[in-house]
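Chains as they are written, first to last, in this note's numbering: chain A, 1 to 145; chain B, 1 to 145; chain C, 1 to 145; chain D, 1 to 145.
Among these hints, one or two may not hold up.
When chains are identical, the list treats them as one kind, so a pair holds in a single copy or across two.
[Unchecked claim] Below, in silico cross-link-like pairs of lysine to any residue (SDA-like), each with a Cα-Cα straight-line distance of 25 Å or less:
| hint | residue 1 | residue 2 |
| --- | --- | --- |
| 1 | Lys-61 | Pro-125 |
| 2 | Lys-7 | Pro-117 |
| 3 | Lys-45 | Gln-144 |
| 4 | Lys-7 | Gln-137 |
| 5 | Lys-45 | Phe-81 |
| 6 | Lys-45 | Val-118 |
| 7 | Lys-61 | Glu-30 |
| 8 | Lys-45 | Asp-70 |
| 9 | Lys-45 | His-95 |
| 10 | Lys-45 | Ala-140 |
| 11 | Lys-7 | Arg-122 |
| 12 | Lys-7 | Ser-123 |
| 13 | Lys-45 | Thr-71 |
| 14 | Lys-61 | Arg-116 |
| 15 | Lys-61 | Ala-89 |
| 16 | Lys-61 | Arg-97 |
| 17 | Lys-7 | Glu-82 |
| 18 | Lys-7 | Gly-69 |
| 19 | Lys-45 | Thr-67 |
| 20 | Lys-45 | Glu-103 |
| 21 | Lys-7 | Ala-119 |
| 22 | Lys-61 | Gly-40 |
Treat the hints as calculated values from the structure; they're not laboratory data.
Chain by chain, the residues run as shown.
4 protein chains.
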Amino acid sequence: MHIYTRKVQYYETDKMNFVHHSNYIRWFEESRVDYLESIGLPFDKMEADGLLSPVLEMNCKYHRACTFGDTVDIAVAMTRFERLRFGFAYRVTDHARGTLLAEGSSMHCFMNAAGRPVALERSAPQLAERFAAVHIQDTAQWEQR
Amino acid sequence: MHIYTRKVQYYETDKMNFVHHSNYIRWFEESRVDYLESIGLPFDKMEADGLLSPVLEMNCKYHRACTFGDTVDIAVAMTRFERLRFGFAYRVTDHARGTLLAEGSSMHCFMNAAGRPVALERSAPQLAERFAAVHIQDTAQWEQR
Amino acid sequence: MHIYTRKVQYYETDKMNFVHHSNYIRWFEESRVDYLESIGLPFDKMEADGLLSPVLEMNCKYHRACTFGDTVDIAVAMTRFERLRFGFAYRVTDHARGTLLAEGSSMHCFMNAAGRPVALERSAPQLAERFAAVHIQDTAQWEQR
Amino acid sequence: MHIYTRKVQYYETDKMNFVHHSNYIRWFEESRVDYLESIGLPFDKMEADGLLSPVLEMNCKYHRACTFGDTVDIAVAMTRFERLRFGFAYRVTDHARGTLLAEGSSMHCFMNAAGRPVALERSAPQLAERFAAVHIQDTAQWEQR
Chain A
1 MHIYTRKVQY YETDKMNFVH HSNYIRWFEE SRVDYLESIG LPFDKMEADG LLSPVLEMNC
61 KYHRACTFGD TVDIAVAMTR FERLRFGFAY RVTDHARGTL LAEGSSMHCF MNAAGRPVAL
121 ERSAPQLAER FAAVHIQDTA QWEQR
Chain B
1 MHIYTRKVQY YETDKMNFVH HSNYIRWFEE SRVDYLESIG LPFDKMEADG LLSPVLEMNC
61 KYHRACTFGD TVDIAVAMTR FERLRFGFAY RVTDHARGTL LAEGSSMHCF MNAAGRPVAL
121 ERSAPQLAER FAAVHIQDTA QWEQR
Chain C
1 MHIYTRKVQY YETDKMNFVH HSNYIRWFEE SRVDYLESIG LPFDKMEADG LLSPVLEMNC
61 KYHRACTFGD TVDIAVAMTR FERLRFGFAY RVTDHARGTL LAEGSSMHCF MNAAGRPVAL
121 ERSAPQLAER FAAVHIQDTA QWEQR
Chain D
1 MHIYTRKVQY YETDKMNFVH HSNYIRWFEE SRVDYLESIG LPFDKMEADG LLSPVLEMNC
61 KYHRACTFGD TVDIAVAMTR FERLRFGFAY RVTDHARGTL LAEGSSMHCF MNAAGRPVAL
121 ERSAPQLAER FAAVHIQDTA QWEQR
């Protein structure tokens with residue numbers, strides 16, 4: 001599990017005065033990129049190695065709004081790891097007050113440069129092992145919260 | 001039900017060569033705004049009347065990628081209408097080939113300027129009637145597909 | 001010269017209630033893509049032919065704001081065409097009232113897949129001829145306005 | 001003068017493999033917001049006090065591309081301060097190598113809630129003094145580089 005903290009940007013707000021809901025999807029990406037990098041599994045290296053990682057599914061529930069001037073914490077954990085797919089869970093909270101702002105989840109796969117889905121344990125067994133370990137630890141931590 | 005057609009923009013693609021997944025969430029918004037306007041229920045008028053409509057939930061499954069040069073059709077229908085919430089379903093297909101690219105759904109509520117949830121049938125009974133009628137028709141049409 | 005018309009999207013507004021200034025830069029791109037496509041020079045085909053076209057410079061003056069519910073016309077013309085660079089001028093006006101909202105300009109070059117600047121008259125002489133003709137006509141039309 | 005450092009996000013790239021040019025305009029905003037906050041003049045407080053600050057002009061020259069995996073430094077300075085307008089200059093460099101990626105400038109004004117331009121020295125004399133001092137120091141520092 002990982003906490004990614006970032007400020008809300010002015011250009012992320014909309015005329016309702018709050019962050020536009022589509023930006024949470026981008027924050028989820030920021031948080032999982034930051035998470036994977038923090039454990040030595042940077043996305044840009046994976047892509048350079050020919051492993052693309054398209055998004056299969058994205059879900060978000062919005063509980064409270066936030067706006068420019070706020071800072072948010074995004075908790076991210078790898079709560080799913082299957083042969084061909086893996087997934088993350090997210091919780092966005094207000095950094096100052098701890099209020100829950102949004103919860104989400106995403107599913108992803110690995111794909112080679114030819115666009116074919118890739119079973120990680122075959123094509124990149126070491127990476128698969130790392131993912132499996134992260135998944136076990138994260139699942140435990142995420143449930144405990 | 002309504003079909004909203006639009007071209008993919010260059011700035012909507014990412015380095016994987018395809019449209020970034022967050023943009024589908026924006027296309028969903030475009031399609032429901034266009035839909036409501038097409039049936040005489042424009043969002044900008046509702047907002048001017050003090051009715052804001054925040055997003056409660058957003059879901060998307062990505063089936064196939066699309067990219068710059070493509071045109072997409074977004075089918076949108078109001079498949080949920082409850083006392084305090086209403087929701088849409090979406091299907092994104094490639095305009096030229098008809099291939100299914102993505103499916104999604106969203107939930108929304110109405111909120112007054114003070115940020116309180118609003119029961120449409122009380123605060124805007126005529127609008128509530130329109131929504132109810134749209135909902136009945138759309139649900140039937142959506143299931144048939 | 002070409003007029004590209006589009007509606008302002010909700011997600012393009014910011015908490016000041018107006019379209020965020022960065023989006024005009026995206027509208028400029030939309031308008032020149034639409035323009036080039038309308039005269040049979042689509043960007044996606046050029047890219048498929050190995051001709052990339054990075055942006056060298058971007059300028060915009062903002063005169064009046066616009067917001068969700070508005071429709072804008074973007075007039076675009078190729079007002080510069082040199083050996084290694086070409087440029088466009090833009091005028092954004094309110095579709096309903098004709099008010100001037102913004103004016104801008106951009107400079108671009110052509111680059112091959114290896115990232116080298118390309119002289120169009122050498123590497124794609126037919127395209128260069130088309131661009132030259134468009135440039136002459138547009139410059140005349142743009143000045144007259 | 002102020003240096004604002006941030007990572008390039010995946011969603012900021014486009015199919016040419018590099019950051020889309022419109023995002024630099026957003027980075028400029030991030031850097032000036034961060035700058036003003038760092039010297040005790042946060043934008044969100046100014047807005048809460050009824051001072052809006054629309055953008056009048058935006059310019060950017062793009063020298064080299066950057067992409068996902070890169071970190072950028074954005075140097076920002078208040079190089080213009082007039083009765084009704086003030087402006088910033090920007091330099092974007094690669095954090096690791098120091099290479100110049102882009103240079104830009106922007107002009108802004110202050111506007112009250114009614115949308116009228118505001119002379120800072122009248123309506124907010126203390127803020128005007130701060131801005132004047134920042135402007136003098138920044139202009140000197142910026143030229144020296």
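Hint by hint, here is what the structure shows:
{"no.": "1", "hint": "Lys-61 to Pro-125", "result": "neither (34 Å within a copy, 27 Å between copies)"}
{"no.": "2", "hint": "Lys-7 to Pro-117", "result": "neither (35 Å within a copy, 27 Å between copies)"}
{"no.": "3", "hint": "Lys-45 to Gln-144", "result": "neither (32 Å within a copy, 38 Å between copies)"}
{"no.": "4", "hint": "Lys-7 to Gln-137", "result": "neither (28 Å within a copy, 27 Å between copies)"}
{"no.": "5", "hint": "Lys-45 to Phe-81", "result": "within (20 Å within a copy, 39 Å between copies)"}
{"no.": "6", "hint": "Lys-45 to Val-118", "result": "within (17 Å within a copy, 30 Å between copies)"}
{"no.": "7", "hint": "Lys-61 to Glu-30", "result": "both (18 Å within a copy, 20 Å between copies)"}
{"no.": "8", "hint": "Lys-45 to Asp-70", "result": "between (32 Å within a copy, 12 Å between copies)"}
{"no.": "9", "hint": "Lys-45 to His-95", "result": "between (30 Å within a copy, 18 Å between copies)"}
{"no.": "10", "hint": "Lys-45 to Ala-140", "result": "neither (28 Å within a copy, 41 Å between copies)"}
{"no.": "11", "hint": "Lys-7 to Arg-122", "result": "neither (39 Å within a copy, 32 Å between copies)"}
{"no.": "12", "hint": "Lys-7 to Ser-123", "result": "neither (38 Å within a copy, 29 Å between copies)"}
{"no.": "13", "hint": "Lys-45 to Thr-71", "result": "between (29 Å within a copy, 15 Å between copies)"}
{"no.": "14", "hint": "Lys-61 to Arg-116", "result": "between (31 Å within a copy, 18 Å between copies)"}
{"no.": "15", "hint": "Lys-61 to Ala-89", "result": "both (12 Å within a copy, 16 Å between copies)"}
{"no.": "16", "hint": "Lys-61 to Arg-97", "result": "within (19 Å within a copy, 33 Å between copies)"}
{"no.": "17", "hint": "Lys-7 to Glu-82", "result": "neither (33 Å within a copy, 30 Å between copies)"}
{"no.": "18", "hint": "Lys-7 to Gly-69", "result": "both (7 Å within a copy, 20 Å between copies)"}
{"no.": "19", "hint": "Lys-45 to Thr-67", "result": "between (33 Å within a copy, 13 Å between copies)"}
{"no.": "20", "hint": "Lys-45 to Glu-103", "result": "neither (28 Å within a copy, 29 Å between copies)"}
{"no.": "21", "hint": "Lys-7 to Ala-119", "result": "neither (36 Å within a copy, 30 Å between copies)"}
{"no.": "22", "hint": "Lys-61 to Gly-40", "result": "neither (30 Å within a copy, 29 Å between copies)"}
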